[in-house]
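Make a model of the complete structure from these sequences and hints.
Number of protein chains: 4
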Amino acid sequence: MTLKLNAAEVSKYLEEVFPQVDGMFGIDRLDEDLLVMRLYNDERHLRPGGTVSGPAMFSLADVAAYVATLARIGKQALTVTTHCSIDFMRKPAAGVDLLAEARVLKLGRTLSVTDVLLYSEGEAKPLAHASLTYSIPPRG
Amino acid sequence: MTLKLNAAEVSKYLEEVFPQVDGMFGIDRLDEDLLVMRLYNDERHLRPGGTVSGPAMFSLADVAAYVATLARIGKQALTVTTHCSIDFMRKPAAGVDLLAEARVLKLGRTLSVTDVLLYSEGEAKPLAHASLTYSIPPRG
Amino acid sequence: MTLKLNAAEVSKYLEEVFPQVDGMFGIDRLDEDLLVMRLYNDERHLRPGGTVSGPAMFSLADVAAYVATLARIGKQALTVTTHCSIDFMRKPAAGVDLLAEARVLKLGRTLSVTDVLLYSEGEAKPLAHASLTYSIPPRG
Amino acid sequence: MTLKLNAAEVSKYLEEVFPQVDGMFGIDRLDEDLLVMRLYNDERHLRPGGTVSGPAMFSLADVAAYVATLARIGKQALTVTTHCSIDFMRKPAAGVDLLAEARVLKLGRTLSVTDVLLYSEGEAKPLAHASLTYSIPPRG
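Chains as they are written, first to last, in the working numbering: chain A, 1 to 140; chain B, 1 to 140; chain C, 1 to 140; chain D, 1 to 140.
Quick caveat, the hints were computed from the structure, so don't treat them as lab data.
Watch out, some of these pointers could steer you wrong.
Said to hold, decoys possible - Calculated lysine to aspartate or glutamate pairs in the DMTMM-like style (CA-CA distance at most 20 Å, straight line):
1) D/106 <-> A/16
2) B/4 <-> B/32
3) D/125 <-> A/101
4) D/106 <-> A/123
5) B/4 <-> B/16
6) C/4 <-> C/15
7) C/125 <-> B/33
Stated by the list, open to error - Chain B regions said to be covered by chain A (calculated; three or more residues, Cβ under 8 Å):
8) 74-82
9) 110-116
Glycine included, C-beta positions come from ideal geometry on N, C-alpha and C.
Structure follows, in structure tokens:
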């Protein structure tokens with residue numbers, strides 16, 4: 001699947017359509033095999049004890065699947081999440097960024113399916129595992 | 001399933017363990033059949049256009065399942081979400097609160113399963129449908 | 001949502017397109033609010049001990065969501081399951097039929113979302129809870 | 001995660017506890033990184049047109065997660081599926097075996113989480129993607 005948008009282009013587009021998340025996320029890698037997104041460690045996402053909250057992990061998985069999909073289909077603002085299944089498996093480490101590894105398993109005409117693994121930076125075992133479906137608007 | 005905590009008790013406990021969500025949520029109803037939770041309309045949760053974001057809907061479903069479970073098992077701070085499946089079905093209405101109807105389908109020794117339907121206040125059709133599993137710590 | 005097919009019509013169609021399931025399932029009720037489908041107690045679906053297997057429960061949930069969707073959209077053979085989330089909550093009772101209560105939560109242009117609760121006949125508490133998404137082929 | 005049972009041991013155990021699936025499944029590979037299970041092409045699982053049915057794909061994912069878990073925990077017959085999320089992404093090829101690649105993402109005290117990708121033998125793109133949770137009985 002050739003990419004239509006590179007990391008800089010998709011980041012810029014994300015800031016335009018979701019200005020409220022500006023500065024929360026970064027892209028470490030984006031190519032045909034893998035997207036690695038980063039949720040910066042920030043007190044806004046924290047639970048007491050300094051670990052990242054469940055909703056912040058959901059947000060990272062959701063935005064990673066969105067970015068991975070848009071990189072393949074281009075700027076389609078009406079692309080929306082229709083489903084997410086997420087397993088929370090381990091407690092995040094305190095005080096570090098979270099990383100998401102996203103792989104697009106299917107890019108169809110009307111939907112994409114993306115697999116996402118979340119890690120605390122520097123840890124080998126995943127925190128959470130998610131599968132997200134995005135609905136792609138009709139083209140033309 | 002008799003309740004161990006009423007709405008006032010579980011609200012107070014929620015504020016103690018998750019002070020960062022203080023003021024975001026309210027409890028409209030809590031009895032053995034049904035919990036109705038409310039996410040107050042608030043610009044922090046909004047997407048451009050004034051509708052509630054996916055992560056805010058996830059948060060509401062997650063906290064509703066947590067409250068419904070704790071009301072039955074009592075103050076068990078280590079109760080954590082292990083799974084969420086959520087279908088996003090319709091766009092939220094702008095400028096209104098969101099309501100969650102939560103029903104505990106199973107309360108086992110080590111886990112609970114809760115069904116949650118999300119609505120824009122005043123709308124008949126659900127926005128989203130979620131199923132959440134919480135892991136309950138061993139009692140002893 | 002008015003129905004395009006009644007119970008007899010959709011049963012007949014099911015036998016035509018899936019002859020291999022002939023005689024496994026029955027329809028107890030089909031109207032705009034609710035579909036009740038029945039998996040006949042049959043040794044083909046059993047685990048040792050006489051209880052129904054997980055795959056047989058999945059099959060019942062899947063066929064119930066299919067029937068509930070087709071009753072609304074008519075004979076569209078290319079309608080296919082794209083997602084199922086299922087929570088197995090209790091052990092089925094031995095020697096009885098299984099019942100599925102299916103409710104269509106969303107009927108969109110390209111997909112349907114159906115909530116399904118499974119019961120052992122005569123039991124009050126659900127065995128399993130599923131949400132299924134069907135992809136609906138473009139009409140034209 | 002060191003394995004407690006090898007492929008021959010877990011196959012033999014599977015035949016003892018689930019005699020009804022005897023001959024349906026094979027194990028191509030079982031080590032600490034990966035399990036590859038095979039669903040033999042067999043008319044019992046087929047839809048008209050010769051492709052494997054959704055319930056047969058569910059069965060393969062379910063048994064693969066069971067085998068991957070038991071290989072790590074030993075012969076624990078009461079280990080049961082509590083959740084499955086499955087995305088059906090492509091139509092199986094006709095007339096070939098199905099392969100499941102299963103990876104245990106978490107092995108906890110009371111539950112395991114396994115990621116499963118399903119393929120038609122000889123195809124590069126996955127047919128389906130599943131995540132399964134098994135509840136592990138208390139030891140001792």
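20 Å Cα cutoff - pair residue 106 of chain D, residue 123 of chain A: holds, 14 Å
query: At a Cβ distance under 8 Å, does chain A reach at least three residues of the segment 74-82 of chain B?
result: holds (count 3)
query: If you draw a straight line from the CA of residue 4 of chain C to the CA of residue 15 of chain C, is it 20 Å or shorter?
result: Holds. Residue 4 of chain C to residue 15 of chain C sits at ~18 Å (cutoff 20 Å).
Given pair status - residue 101 of chain A, residue 125 of chain D, alpha carbons within 20 Å: Satisfied, since the Cα-Cα distance of roughly 19 Å is no more than 20 Å.
- request: Can you take a look at whether the segment 110-116 of chain B is actually covered by chain A? Rule is 3+ residues, C-beta closer than 8 Å.
  value: The restraint on the segment 110-116 of chain B is violated, since only 0 of its residues have a Cβ under 8 Å from chain A and three are required.
message: Please verify whether residue 4 of chain B and residue 16 of chain B have alpha carbons no more than 20 Å apart.
response: holds, 17 Å
- prompt: residue 106 of chain D and residue 16 of chain A: Cα distance at most 20 Å?
  reply: violated, 38 Å
query: CA of residue 4 of chain B to CA of residue 32 of chain B, is that 20 Å or under?
result: Holds, because 10 Å separates the two Cα atoms, which is no more than 20 Å.
message: Next pair to validate is residue 125 of chain C with residue 33 of chain B; report whether the Cα-Cα distance is within 20 Å.
response: Judged against 20 Å, a Cα distance of about 13 Å means the pair holds.
Checked against the numbered hints given earlier, the structure breaks hints 1 and 9 and satisfies all the rest.
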